[in-house]
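> Add chains B and C to chain A, keeping to what the hints say.
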Amino acid sequence: MYRETQIVDDNSTASPDVEGDLVINVGPQHPATHGVLHLVITLNGETIKKLDPHLGYIHRSIEKMCESLSFRQFIYVTSKMDYLSSHINNHGCALCVEKGLQIEVPPRAQVIRVLMDELTRLASHQLWWGAMAMDVGALTPFFLAFREREMINDIMEESCGTRLTMNYMVPGGVMDDVHPNFQKRVNEFIKHFKNKIDEYDELVTGNVIFQNRTKNVGYISKEDAISYGMTGPSARGSGVQCDIRKLYPYEVYDKLQFDEIIEAEGDSFARYIVRMKEMRQSLSIVEQLIDNIPAGEFQAKTKAVLKLPKGEFYSRVETARGEFGVYIVSEGGTTPYRIKFRSPGFSNLSALDHMARGGKIGDLVAIMGTLDLVIPDIDR
Amino acid sequence: MDVKPDIQNPFPGEVHPTPTGGVLVTAIDDVINWARSNSLWPLVFGTSCCAIEMMSTASAKYDWSRFGFEVTRATPRQADVIIIAGTIVNKMAPVLKRLYDQMADPKYVIAMGACATSGGPFFYNTYSVVKGADHVIPVDVYIAGCPPRPEALLHSLITLQKKIKAGLTREQIRMEKPEIPIP
Amino acid sequence: MTNGDLKIKLPEILPSITFEEGGQWLNINIEPKEWLLFAKNLRNNPDLDFDYLFCLTCVDWRTHLTMVYHLESTQYRHTIVVKSKLDRNKPEIESVSQIWRTTDFHEREVYELFGVNFLNHPDLRLLILPDGWEGKFPLRKDFEDPVNMIKL
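Protein chains in written order, with my numbering: chain A, 147 to 526; chain B, 277 to 459; chain C, 129 to 280.
Bound-form chain A, shown alone (with noise of 0.2 Å):
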């Protein structure tokens, strides 16, 4: 049984300011926009002249649903926020309830929750890298980066449950121990991806299509960059150092050795270097802990029902898109009394229209692929 509803054209912020303008849509349904962005574009032939994002359409009041449940049960929503990173955000959420009732995580679960991450963070930039190439125009790495997604999601699934939605972080700890062959499932995938990641660059990074695609393509400075609260690997493409695992270092990231990767051109070029080399990154990462995982418990004692005490807590980690920050304000109850989430997408779609100007349409697409955008993070 469904009600006949009103469709209304919304036209009237984009109105032609000259004779020959074209103002059209692109999305909400559309391959290329990575969930349902909608644009309205002013055009002058093919170049855009003005860009305006409409939000809204994957809105669903998580901030105002938070407000009822506990503080156990929230943290498992923001896993489908940003549905790419979901282990990140789980994260985060779990580190602010710690940082409020001052539980102490035991070493063992510290190093599993750090290893969910990185890989995570892997699986996520494969992702990133099969849907750009599709958008750009080529079909074959898309194909690639799911085969080796799915080996992650299957030594995932092993440990966590699920392949995508993985709720394994609870506040002190992770849910349940690695099921007993995780080691050596991950050894055997480190020793496949080394060799894979080579093959991505002489597949596309080297292509010189691809590379004219995305060259001075979207160029943000450093000072704007900042000024519009970019974070992530697309404000390192423009040299902003601001990496939260090296800054502000939780669980045991100040023990570990890996590089912050700074490109200083602050094109799309640069953009897609920083994940490339980030993926290199993160593999090291988890060959120097998976081989050292501590013994002892995987979880914290902490009371059945968790209540903040009177206080505001503010939390920050580094997803694979940027900062994700989560704000508590709690009244002392077992509800909190207002959640905000910090999420890296809004700052970083803020600025898409300062880089899309003078550029054409397939610029656009080429952009807001190295700017790897999940609209639900945005909306909330």
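These aren't lab readings, by the way, just hints derived from the structure by calculation. Wrong hints could be hidden among the right ones.
Stated by the list, open to error - With a straight-line Cα cutoff of 30 Å, these simulated DSS-like cross-link-like pairs (lysine-lysine) come out: (1) C:Lys135 <-> A:Lys456; (2) A:Lys449 <-> C:Lys269; (3) A:Lys196 <-> B:Lys373; (4) C:Lys137 <-> A:Lys449; (5) C:Lys269 <-> B:Lys407; (6) C:Lys264 <-> B:Lys373; (7) C:Lys168 <-> A:Lys449; (8) A:Lys342 <-> A:Lys330; (9) A:Lys423 <-> B:Lys337; (10) A:Lys342 <-> B:Lys337; (11) C:Lys168 <-> A:Lys196; (12) A:Lys401 <-> A:Lys447; (13) A:Lys456 <-> C:Lys161; (14) A:Lys456 <-> C:Lys218; (15) A:Lys245 <-> A:Lys342; (16) C:Lys168 <-> A:Lys368; (17) A:Lys453 <-> C:Lys279; (18) C:Lys264 <-> B:Lys407; (19) C:Lys135 <-> A:Lys392; (20) A:Lys245 <-> C:Lys135; (21) A:Lys340 <-> B:Lys337; (22) C:Lys279 <-> A:Lys368; (23) A:Lys245 <-> C:Lys211; (24) C:Lys137 <-> C:Lys168; (25) C:Lys279 <-> A:Lys456; (26) A:Lys456 <-> C:Lys211; (27) A:Lys245 <-> C:Lys213; (28) C:Lys279 <-> B:Lys373; (29) C:Lys269 <-> A:Lys245; (30) A:Lys392 <-> C:Lys213; (31) A:Lys245 <-> C:Lys161; (32) A:Lys456 <-> C:Lys264.
Given the structure is predicted, the values throughout are model-derived calculations rather than measurements.
Using the frame of chain A, we list chains B and C on its own:
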């Protein structure tokens, strides 16, 4: 005329040989249903997390093109089946209705995941989620899961094919009994 | 700069600020009328150089609304939190979208969810909610929606 229902031959029609040596095929509906079910073209429509599992089903490990779903079209004018993968919110519902209207007959709908079936984890205390995609368009097959495994999606595609061959989808029931009003 | 140095330096710019105790970072309370001048000083002063605004939100405390701004400097790596109490019946504050470009989208979001009017904002309209939701502010505590919301 002789009727030779050939059991070994999987061709679903009845073949009648004419006196001059040709063949006449009856039960044309069965043939058409068989042809339609083995070549359904899905529409690229994914709003949230279930879209990633749909992409996994399309890629090499759980390939869906061996069932005929090879060609995914970006435009609804050329698509047969719409797989609603993800949550539908109040702002997106008119867009979904418009896409469904733009598809040509016969068209089929699969609601993938808990969010499209009934609102899913966003059922209580949300002001903007449509509690089930069947408030907007009529649905043929529902899949449970959050997100459903690729094998579950393949099972639902096979179920849809069986429904089409048996003549039981909403589209076909509506064609047979025109006096039932369209809901 | 440490919290102690900031506590000495900031009242030199704006004497009427007050500090709140017991937070993760230094919490500052200001009046809404003084926000624009204070923000310009925070951004342009070479010793402070707060160029990165990473969280802008609003909290509904039932008797009043509070705007919360989290600021950080990428050069010196110090962080402060600026809060400002607004009147619930007529919540208004100056917009800072000329100083930090990220506040363009953040202020539109707070406008549609809480109803705070940002003065001199270049383009204040709905961002995430569909058309027809002007005037209903869903994240306020007294928001009732019997049609859509199913209470547990």
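> Against this structure, judge whether each hint is valid.
Hints, verified against the model:
no.: 1; hint: C:Lys135 <-> A:Lys456; result: 24 Å, holds
no.: 2; hint: A:Lys449 <-> C:Lys269; result: 29 Å, holds
no.: 3; hint: A:Lys196 <-> B:Lys373; result: 29 Å, holds
no.: 4; hint: C:Lys137 <-> A:Lys449; result: 43 Å, violated
no.: 5; hint: C:Lys269 <-> B:Lys407; result: 23 Å, holds
no.: 6; hint: C:Lys264 <-> B:Lys373; result: 26 Å, holds
no.: 7; hint: C:Lys168 <-> A:Lys449; result: 46 Å, violated
no.: 8; hint: A:Lys342 <-> A:Lys330; result: 19 Å, holds
no.: 9; hint: A:Lys423 <-> B:Lys337; result: 27 Å, holds
no.: 10; hint: A:Lys342 <-> B:Lys337; result: 17 Å, holds
no.: 11; hint: C:Lys168 <-> A:Lys196; result: 28 Å, holds
no.: 12; hint: A:Lys401 <-> A:Lys447; result: 25 Å, holds
no.: 13; hint: A:Lys456 <-> C:Lys161; result: 29 Å, holds
no.: 14; hint: A:Lys456 <-> C:Lys218; result: 28 Å, holds
no.: 15; hint: A:Lys245 <-> A:Lys342; result: 40 Å, violated
no.: 16; hint: C:Lys168 <-> A:Lys368; result: 20 Å, holds
no.: 17; hint: A:Lys453 <-> C:Lys279; result: 22 Å, holds
no.: 18; hint: C:Lys264 <-> B:Lys407; result: 21 Å, holds
no.: 19; hint: C:Lys135 <-> A:Lys392; result: 27 Å, holds
no.: 20; hint: A:Lys245 <-> C:Lys135; result: 24 Å, holds
no.: 21; hint: A:Lys340 <-> B:Lys337; result: 21 Å, holds
no.: 22; hint: C:Lys279 <-> A:Lys368; result: 47 Å, violated
no.: 23; hint: A:Lys245 <-> C:Lys211; result: 21 Å, holds
no.: 24; hint: C:Lys137 <-> C:Lys168; result: 15 Å, holds
no.: 25; hint: C:Lys279 <-> A:Lys456; result: 25 Å, holds
no.: 26; hint: A:Lys456 <-> C:Lys211; result: 17 Å, holds
no.: 27; hint: A:Lys245 <-> C:Lys213; result: 26 Å, holds
no.: 28; hint: C:Lys279 <-> B:Lys373; result: 27 Å, holds
no.: 29; hint: C:Lys269 <-> A:Lys245; result: 26 Å, holds
no.: 30; hint: A:Lys392 <-> C:Lys213; result: 35 Å, violated
no.: 31; hint: A:Lys245 <-> C:Lys161; result: 34 Å, violated
no.: 32; hint: A:Lys456 <-> C:Lys264; result: 29 Å, holds
Violated hints, in rising order: 4, 7, 15, 22, 30 and 31; the structure is consistent with all others.
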